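Chemist: Residue numbers (the working numbering), protein chains in the order written: chain Z, 1 to 76; chain P, 1 to 652; chain E, 1 to 56.
Since the hints were made in silico from the structure, they are not lab data. Quantities reported herein were computed from a predicted structural model and do not represent experimental measurements. Errors might be hidden in some of the hints.
[Said to hold, decoys possible] Just a sample of chain Z residues kept apart from chain P, beta carbon distances all over 12 Å, derived: (1) 1; (2) 5; (3) 73; (4) 75.
[Stated by the list, open to error] Heads up, incomplete: computed chain E residues facing chain P, CB under 7 Å, no partners named: (5) 8; (6) 11; (7) 19; (8) 20; (9) 22; (10) 30; (11) 31.
[Said to hold, decoys possible] Quick list of the computed label-pair ranges, beta carbon to beta carbon: (12) P:450 <-> Z:7: 47 to 53 Å; (13) Z:70 <-> P:155: 49 to 55 Å; (14) P:484 <-> Z:73: 56 to 62 Å; (15) Z:63 <-> P:461: 19 to 25 Å; (16) E:31 <-> P:524: 33 to 39 Å; (17) Z:35 <-> P:136: 27 to 33 Å; (18) E:16 <-> P:48: 45 to 51 Å; (19) Z:11 <-> P:138: 27 to 33 Å.
For glycine and all other residues, C-beta sits at the position ideal for the given N, C-alpha and C.
Letter by letter, the chains look like this.
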Amino acid sequence: MTLIDVAKKQTCRILAIKGPDNLRQRLTALGVLRGQKVRLSASTLWGDPRTYAIGRQQICLRNDDARMVEVELCND
Amino acid sequence: MTSQVFTVALLGNPNCGKTSLFNLLTGSRQRTGNMAGVTVTRREGEREYQGVRLRFVDLPGIYSLSHNRVEERVARDYLFETPPDLVLNVVDAGNLSRNLALTTQLLEQQLPTVIALNMLDEAESQGIAPDCDNLARLLDLPVLPSDGRKPRYLDLLLDTLVEQLRNQPTAPALEIAYEQHVEQSVGRLTGTGLNRWQAVQALESAGDVAFVLHDHQRDLLQQEVAQLESYHDDSAAQLIAEGRYGYIHGLMHNSGSDHDEISFAEHWLDSVVLNRWLGLPVFVGLLWLMFETTFTLGAYPADWIDAAVTLLGQWLAAGVPDGLLRDVLVDGLVAGVGGVLVFLPNVVLLFTFIAIMEQSGYMARAAFLTDRLMSRVGLHGKAFVPLVMGFGCNVPAIMATRTIEEPRARLITILINPFMSCSARLPVYVLLAGIFFADQAGTVLFGIYMLGILMAFTVAAILSRKIPAQHDESFIMELPPWRWPSLRSLALHVWDKAGDFLSKIGSVILVGSLLIWLLQTFPQNADQSFLEQLGHLLAPLFAPLGLGWQETVALLSGFIAKEVIAATLAVVYQAGEQDMAGLQAALLAGLAPAAGLALMVFTLLYMPCLATIAVIRRETGSWRWAMVSILLGLVLAWGGAFLTYQIGSLFF
Amino acid sequence: MGDLSWLDLIVLAVVVLVILTWFSRFIRRSLSAGCDKSSGCAGCSGCDTPDNPSNS
Chain Z
1 MTLIDVAKKQ
11 TCRILAIKGP
21 DNLRQRLTAL
31 GVLRGQKVRL
41 SASTLWGDPR
51 TYAIGRQQIC
61 LRNDDARMVE
71 VELCND
Chain P
1 MTSQVFTVAL
11 LGNPNCGKTS
21 LFNLLTGSRQ
31 RTGNMAGVTV
41 TRREGEREYQ
51 GVRLRFVDLP
61 GIYSLSHNRV
71 EERVARDYLF
81 ETPPDLVLNV
91 VDAGNLSRNL
101 ALTTQLLEQQ
111 LPTVIALNML
121 DEAESQGIAP
131 DCDNLARLLD
141 LPVLPSDGRK
151 PRYLDLLLDT
161 LVEQLRNQPT
171 APALEIAYEQ
181 HVEQSVGRLT
191 GTGLNRWQAV
201 QALESAGDVA
211 FVLHDHQRDL
221 LQQEVAQLES
231 YHDDSAAQLI
241 AEGRYGYIHG
251 LMHNSGSDHD
261 EISFAEHWLD
271 SVVLNRWLGL
281 PVFVGLLWLM
291 FETTFTLGAY
301 PADWIDAAVT
311 LLGQWLAAGV
321 PDGLLRDVLV
331 DGLVAGVGGV
341 LVFLPNVVLL
351 FTFIAIMEQS
361 GYMARAAFLT
371 DRLMSRVGLH
381 GKAFVPLVMG
391 FGCNVPAIMA
401 TRTIEEPRAR
411 LITILINPFM
421 SCSARLPVYV
431 LLAGIFFADQ
441 AGTVLFGIYM
451 LGILMAFTVA
461 AILSRKIPAQ
471 HDESFIMELP
481 PWRWPSLRSL
491 ALHVWDKAGD
501 FLSKIGSVIL
511 VGSLLIWLLQ
521 TFPQNADQSF
531 LEQLGHLLAP
541 LFAPLGLGWQ
551 ETVALLSGFI
561 AKEVIAATLA
571 VVYQAGEQDM
581 AGLQAALLAG
591 LAPAAGLALM
601 VFTLLYMPCL
611 ATIAVIRRET
621 GSWRWAMVSI
631 LLGLVLAWGG
641 AFLTYQIGSL
651 FF
Chain E
1 MGDLSWLDLI
11 VLAVVVLVIL
21 TWFSRFIRRS
31 LSAGCDKSSG
41 CAGCSGCDTP
51 DNPSNS
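Assemble the whole structure, with the sequences as input and the hints as a guide.
Modeler: Pasting the structure below:
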């Protein structure tokens, strides 16, 4: 599954970040890395873009970009 | 004895409170004002302390030094080309690991660094405040608490800066042990004569660096980047970032402040403001409230200023002997300059609201809420900030579009910026709305601004279908945590904007009023003054909009600067009257309400002022786009005002 | 215009002079590279921006 499949109140873990280099570079610079926990925190009227809580920050991603981030559901 | 001068560069992540700290460090002695969060150019300020002159340079807020975006290049090139004597690295204590990732880049580059741990109170309330001494010991750097709002830590910080500068310490280069393949690549790159930090930065940024890379180094670098990518699924940048974070987590572990269990930072305000259904209505409601308050609250101080101006006029009329001198002072300067000066409170209020929205973190959320709308019409998410800046002045706003790298999105943002109603147009709206729609003035104000935004979006949508796009720039934005605006920064910012307004009153409006007065007064003993002749010449063009020759000349004069419109109306209508009430009565008698509304619409949409045209030409590199902007504005303004007048006449 | 006194003429001359010198300076500055207080963006943030934005 990818970030856009994350539903409210689910906690996920980042498995991999794909996509073009500048997207990866940008996410990396923001501290979005493999192994981090993610939650969906807000969504606009159109469902795009959405905001994800990643660590101590909230990051706003368009769905096209969010699709590049592979995640898995956390059990806890 | 001449005092020593040292340069201290402030560097840190966006939203870490760097600008507040800069304001605190330099007081009012800084060179340029700026909108919070959009420090694309660098600002400088000075302070004397213990006989040393400290020159502070505020660099743009960035996340990384090896990342190919405009702001990051500005900071990176500055640090490489003109290394400061000291880097004051501002670190948000509430998000330590990400902030320290930038610090590790500074240390690898062996830049002498002092860390200012900002937002400590915020971190304390979340129970995650790091221990400064511990951190200092582990990083082998001075780590000091700081607070951009209160001067409580300031002396300690300045003491340390001066002490460090006097001792000129040479920091040992930080060496992070990266993943083994990365290390091998770094090894091969340093073999060609690069430093370790240069090799790391080149890998991390895929060769986009400030220092010179020779062809053979560049070839090798490309090989290494490709090789790393083939060994791992991750890019070199990701592998290196993992190394940095690994190092930082190790530090935290050693310092006892372990951050393994990450708590998600969420705020109750977000559940309202970012609510899927409530978000946009709340945004629109806040904007309406902003304009309503701008009008109603601004009316009180405006009355006081008006009373003072009236008094001055009467005093001059009584004290100066009859003649041209009295005319020019009373009917020219006092009427014109005073006629604009009374709107200073409205302008100040509007700026205060915008600054509060920015500093509290709401603006970023508004950008998030409207992103979909903006991308639909071909605008980039980054266009939000320049568009909001346009409410202040279109000139710096158009310059701020430089952060948008995709040429088409940038061009569209430049061309639609004049429709964002700048503060120079506010006096006209407040004046007219107050006369013709006294009961709903705030709503009319809100409507005019909304019309501007709507027009901007429509034009953007059309342009984006006409001009081919080159590539899509990704839009990833961090939502800053909610924060109380710092009073000091707020006051400084608003003071700055009020100063701009006043200095324009003292220059362009003053001279504009003189010119209008001159044309209005001569030739003497004739049927029509020059101004009236000019107005009548063009009046047929404006007659379908319900406007007379007075409004025609006012709009003409607005080409110089839009504030002059209000000044001209004051001079033309106020002849013989002594105060605002007289002007209002004269306008009410001379114009139909629908024509008043049409005048507002025309003022909103018609061609940009001289300074804006010049900056459009400069930023787009051709007169063609400046001409397009002029024509577009004139056509839309005429059409819009015509419709407004014709439809409005049916109702009022 | 025989009804203007010498004082009126001085005032008129000063006004015309101020307008002419100021506007010529204003227009020249507005159209030249820099932007400053007189060209309508006092203290604006972009004034010190280097003149070559990256066009990547």
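Chemist: Going back to the hint list, which numbers does this structure go against?
Modeler: Hints 8, 12, 14 contradicted; others consistent.
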